[in-house]
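With the hints as constraints, model all of the structure from the sequences given.
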Amino acid sequence: MSAKGGSELCAVCSSVVAKYKCSNCYIRYCSVKCFKDHKTEKSCVAPEKPPNSAAASAVSEAASANRTKSGGSFDPDVNDDDEEAQHRLTAQDLAKLNSSEDVKRLLMYPNIRALVDAVRKDRNPVEAIRMLRQRSDFEELVQALINATSSNK
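Residue numbers for the sequence shown follow my numbering, beginning at 1279 and rising by one.
Please keep in mind that the hints were generated in silico from the structure rather than gathered at the bench.
No experiment lies behind these values; they were computed from the predicted model shown.
Virtual Cβ for every residue (Gly too), placed ideally from N, Cα, C.
Keep in mind that the hints are not guaranteed to be accurate.
Claimed, not checked - SDA-like mimics (lysine to any residue), calculated; alpha carbons at most 20 Å apart, straight line:
1) K1320 - L1423
2) K1374 - Q1421
3) K1314 - S1292
4) K1320 - V1381
Stated by the list, open to error - Beta-carbon label-pair distances, calculated as ranges:
5) T1318 - V1404: 32 to 42 Å
6) R1366 - K1317: 34 to 44 Å
7) S1285 - R1411: 36 to 46 Å
8) F1313 - P1403: 35 to 45 Å
9) R1383 - Q1412: 13 to 23 Å
10) H1365 - K1317: 34 to 44 Å
Put into structure tokens, the structure is as follows:
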């Protein structure tokens, strides 16, 4: 098997053209050694079936379960501008996120990007985030975001 385009580098060692693809997370690698190194990392997570629909259904199921449990529903007329302003990121925070290697690494995974996209499209993104934080892959992203913005680099 050859890499698409024939020039994609190994995602593990970044020094040799990748010839193989992980059957679990689809990351490209060049050798058995790199494959074994990759498998020992926590980042080898299988993407959901079709990433966008699986992520969207996970978000909507979680949100509807929580609405049923709390007896409430999302009210688009409620004004949360004051609370939102307290949590809005500054230009400096955005720059920290842009330079965070952990955040960049996690956003390389299609399943995590699909979850973020599903949150962005959800009618109640705050609740969607609360529910998705129960997933280890999404929580790892949340922690990377928090670490990137709270550290004094």
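Subject >> Numbers of the earlier hints that this structure fails to satisfy, in rising order >> reply: none
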